[in-house]
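S.K.: Heads up: the sequence lines are chains A and B, in that order.
At position 288 of the first sequence (counting the first as 1) the number is 287 in numbering that gives the first Met the number 0, and the numbers step up by one without a gap.
At position 49 of the second sequence (counting the first as 1) the number is 48 in numbering that gives the first Met the number 0, and the numbers step up by one without a gap.
Each hint should be verified, as a subset may be incorrect.
As a list, the in silico DSBU-like pairs of lysine-lysine whose alpha-carbon atoms are at most 35 Å apart [to be verified]: (1) K171(B) / K240(B); (2) K426(A) / K395(A); (3) K100(A) / K45(A); (4) K440(A) / K402(A); (5) K16(B) / K464(A); (6) K12(B) / K505(A); (7) K426(A) / K359(A); (8) K372(A) / K171(B); (9) K456(A) / K58(B); (10) K24(B) / K395(A); (11) K171(B) / K160(B); (12) K34(B) / K240(B); (13) K278(B) / K440(A); (14) K373(A) / K34(B); (15) K278(B) / K130(B); (16) K24(B) / K282(B); (17) K373(A) / K16(B); (18) K214(B) / K358(A); (19) K358(A) / K246(B); (20) K358(A) / K187(B); (21) K452(A) / K282(B); (22) K214(B) / K373(A); (23) K28(B) / K395(A); (24) K176(B) / K370(A); (25) K440(A) / K415(A); (26) K373(A) / K28(B); (27) K372(A) / K426(A).
If you're looking for bench data, these hints aren't it; they were derived computationally from the structure.
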Amino acid sequence: MLTKVKSGASSGLEILGIDVEVNVAKRGLPGFDIVGLPNKAIAESKERVKTALISSKIEFPSKKIIVNLAPADIPKEGASYDLPIAVGIISCEYGYSLPEKSLFFGELSLDGSLRHTKGTLLLALYAKESGFKNIFIPKDCANEAAIIKGINIFPLENLIQLCAHLSKQKLIKPFVYQKKIEDEHLFAEFDMAEILGQEQAKRAVEIAAAGGHNILMVGSPGAGKTMIAKALPGILPSLSEIEALEVTKIYSAAGQIPAGSSLINIPPFRSPHHTASSVGIIGGGQRPQPGEISLAHRGVLFLDEFNEFPRSVLEAMRQPLEDGYLTISRSKERIKYPARFMLVASANPCPCGFLNHPKKECTCSLRIIQKYKKRISGPILDRIDLHIDIQPVDLKEFSENQKLTEFLENSFSIRKRVLSARQIQRKRFLDDSIFTNAEMKNHHIKKYCKISKEIEKILQQATLKFQLSARSYLKIIKVARTIADFDNSLDIQINHIAEALQYRSKEE
Amino acid sequence: MSFFIIKDKEYPKLLKKIGKDTPEKLYYKGILDDKIFENCLAVVGSRRMTIYGKQVTEKIVTELASAGLTIVSGFMYGIDATSHRVALIANGRTIAVMPCGIDLIHPEYQKELYNEILSNNGLIISEYKEKTQPAKWTYPQRNRIVAGLSQAVLIVEAEEKSGSLITANWAKKFKRKIFVIPGPITSKNSKGIMQLIKEGATPISSAQEILQYYKLQITNHKLQTNPKSKIPNSQMTIEQKILEQLKRESLGLGVDELARVFAMPVSQIGVILSMMQLKGLIKQQGIKYYVN
Chain A
0 MLTKVKSGAS
10 SGLEILGIDV
20 EVNVAKRGLP
30 GFDIVGLPNK
40 AIAESKERVK
50 TALISSKIEF
60 PSKKIIVNLA
70 PADIPKEGAS
80 YDLPIAVGII
90 SCEYGYSLPE
100 KSLFFGELSL
110 DGSLRHTKGT
120 LLLALYAKES
130 GFKNIFIPKD
140 CANEAAIIKG
150 INIFPLENLI
160 QLCAHLSKQK
170 LIKPFVYQKK
180 IEDEHLFAEF
190 DMAEILGQEQ
200 AKRAVEIAAA
210 GGHNILMVGS
220 PGAGKTMIAK
230 ALPGILPSLS
240 EIEALEVTKI
250 YSAAGQIPAG
260 SSLINIPPFR
270 SPHHTASSVG
280 IIGGGQRPQP
290 GEISLAHRGV
300 LFLDEFNEFP
310 RSVLEAMRQP
320 LEDGYLTISR
330 SKERIKYPAR
340 FMLVASANPC
350 PCGFLNHPKK
360 ECTCSLRIIQ
370 KYKKRISGPI
380 LDRIDLHIDI
390 QPVDLKEFSE
400 NQKLTEFLEN
410 SFSIRKRVLS
420 ARQIQRKRFL
430 DDSIFTNAEM
440 KNHHIKKYCK
450 ISKEIEKILQ
460 QATLKFQLSA
470 RSYLKIIKVA
480 RTIADFDNSL
490 DIQINHIAEA
500 LQYRSKEE
Chain B
0 MSFFIIKDKE
10 YPKLLKKIGK
20 DTPEKLYYKG
30 ILDDKIFENC
40 LAVVGSRRMT
50 IYGKQVTEKI
60 VTELASAGLT
70 IVSGFMYGID
80 ATSHRVALIA
90 NGRTIAVMPC
100 GIDLIHPEYQ
110 KELYNEILSN
120 NGLIISEYKE
130 KTQPAKWTYP
140 QRNRIVAGLS
150 QAVLIVEAEE
160 KSGSLITANW
170 AKKFKRKIFV
180 IPGPITSKNS
190 KGIMQLIKEG
200 ATPISSAQEI
210 LQYYKLQITN
220 HKLQTNPKSK
230 IPNSQMTIEQ
240 KILEQLKRES
250 LGLGVDELAR
260 VFAMPVSQIG
270 VILSMMQLKG
280 LIKQQGIKYY
290 VN
């Protein structure tokens with residue numbers, strides 16, 4: 000007898016419909032084979048399915064069983080075919096009819112229970128788009144899939160429960176989406192109020208957060224670069240619904256959504272170490288997986304010790320920094336992962352770290368310093384809007400002067416300003432399919448950043464004085480746009496441009 | 000390529016007076032101007048120039064070069080290269096003495112400065128022919144010529160046992176005047192300077208003192224603002240207050256420090272500082288701001 004069970008295979012952020020055809024033949028020597036380009040994990044599925052059925056007190060038919068994963072020419076991977084295969088065998092053997100327009104997806108444990116499986120959100124999306132009504136998935140991922148409204152999600156604990164449902168003895172109740180309570184909680188290691196001094200750096204980070212600008216902090220060890228970066232998530236506004244869905248899809252594909260969790264509406268904060276591999280950071284692999292830059296989509300990618308990252312990795316980041324997505328091409332497939340992140344980089348000014356330090360002396364020769372700086376190419380620096388020099392703070396000054404510590408603003412109140420600036424931007428870019436000032440292209444700048452004669456004069460002066468390149472000129476206007484948004488000002492004023500000049504790259 | 004030998008009329012007179020240390024043959028590049036060897040001052044110092052070193056070199060060498068002194072130095076990066084550069088900016092004359100063959104540029108990456116010296120009536124000098132590679136022993140020999148060409152030597156920053164002290168020793172041997180610029184006692188670059196002061200070098204704090212030695216006048220330089228026009232503190236604009244504050248702090252102030260001093264948000268102080276920079280009132284070096 001032949002049964003067809005519908006399931007899905009993930010390819011990047013897409014799901015391809017897969018028919019799992021199970022045939023339990025009445026004749027032939029007993030055996031169990033899976034065909035249709037299965038990988039190792041699927042080939043081993045035989046043993047898992049067999050043991051899981053036996054553990055669930057369901058007799059495993061001692062007949063010739065053939066499983067075909069169609070279409071046969073797409074390579075398939077992952078353990079999510081365990082459930083459809085098991086369902087197919089049960090249905091064949093016991094004659095249960097399967098509910099119509101249903102998808103089965105999930106990995107089996109040897110004891111017959113279902114394990115957390117990656118990609119269920121993508122599956123639910125696929126189900127909705129392709130007109131399926133029900134999806135049967137492991138219970139642990141139910142809340143992840145339930146983000147998508149309009150389809151019945153059946154959370155499965157084990158095969159026995161499923162059998163009872165199929166035989167209509169005891170029906171499983173469709174899952175209801177549970178909104179997480181801690182969703183609005185702010186996740187940051189430090190509060191901005193904990194950082195003493197560093198007024199300009201904090202202001203720059205605030206601007207960066209509001210406009211989604213990339214920022215580079217250069218300073219001696221112990222100056223507080225890492226601390227400032229780690230306080231950044233605390234001032235970032237939560238993700239909008241569209242953004243949250245984009246982010247959650249990537250995490251679902253990467254299998255990084257913990258059991259029971261759901262929509263990610265906190266901007267992700269990723270800080271890969273500089274020894275991480277190129278594939279780990281950019282994405283790729285034989286079956287292309289999202290890298291850190293995609294996991295940081297709509298959030299922050301913090302690269303500490305920026306100069307220490309291999310040049311090849313930084314160069315590979317150029318295209319995603321510009322376009323906001325990464326295309327991985329393989330002979331069999333082309334996968335597009337979104338990667339619109341805010342780059343926060345920190346670096347030492349020289350190999351010893353003490354160049355320009357107020358107290359310690361730098362021991363590097365000029366040539367070594369130049370070589371060190373050259374490790375980051377011009378095109379990468381060009382894509383960073385805010386450049387900040389950070390100097391260690393004299394803690395004594397703060398312990399002696401109580402006044403200075405009294406007025407430290409906390410992350411919560413900074414976040415309010417960031418939020419209102421973001422809302423202004425969202426309104427402005429409603430028809431442009433971008434969200435932030437940092438994403439503005441030349442035609443957006445022309446449209447939204449009207450420059451008066453007076454300001455143009457100042458910019459010309461600055462171009463001469465600071466030897467600004469054409470690209471830095473535009474970067475200054477973009478940053479000034481964000482500063483103007485803080486003031487809720489329709490036009491960019493002189494003081495906005497003047498402040499933006501503070502954050503220019505001083506290397507040119 | 001041109002050269003002169005001891006017997007030539009054009010051979011620098013001062014360099015003839017150093018006895019057996021006089022180089023037999025001297026190669027040069029550039030246009031020979033008979034006045035260039037007249038009032039020579041060697042300006043040398045540390046390769047690891049601090050911001051302070053750069054600041055004082057810029058200030059004092061500008062005045063010296065525009066008053067007509069020829070600035071002689073060793074073309075090394077740090078104080079040497081800065082002195083050459085500043086002399087050129089001030090439309091003054093400068094001579095670079097190379098530790099390598101006349102056809103080499105060392106260090107190579109200062110090629111731009113090299114060309115600028117040549118195109119601005121400066122002179123490149125070496126006692127080594129063609130493409131002789133620089134060696135450990137050619138640097139002190141180069142310093143001998145730097146000191147030998149000059150009536151006086153000005154040392155800006157020097158570590159202990161540094162090349163600048165070798166130049167000072169040559170100067171002492173040739174009975175040339177030694178000027179030094181004192182630095183903060185906490186800096187390594189002040190150690191060599193302290194040693195020289197103890198040995199009798201003349202510490203200076205303005206170009207005037209050197210010019211007096213050469214019997215020259217400060218020309219083409221804006222005099223200090225007249226002290227009469229002192230405005231009471233309360234009536235000063237914020238720009239004036241910042242200028243006053245920066246004048247007091249020789250080591251400069253960062254934007255965060257200024258924000259604390261004036262109890263202003265850093266965004267506002269940033270606006271003011273940008274505008275002051277554009278007006279040319281202050282300049283930024285590294286993290287700190289200085290009075291221009």
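S.K.: Hint by hint, where does the structure go against what was stated? Just the numbers, ascending.
M.R.: 1, 2, 4, 5, 6, 7, 8, 10, 12, 14, 15, 16, 17, 18, 22, 23, 24 and 27
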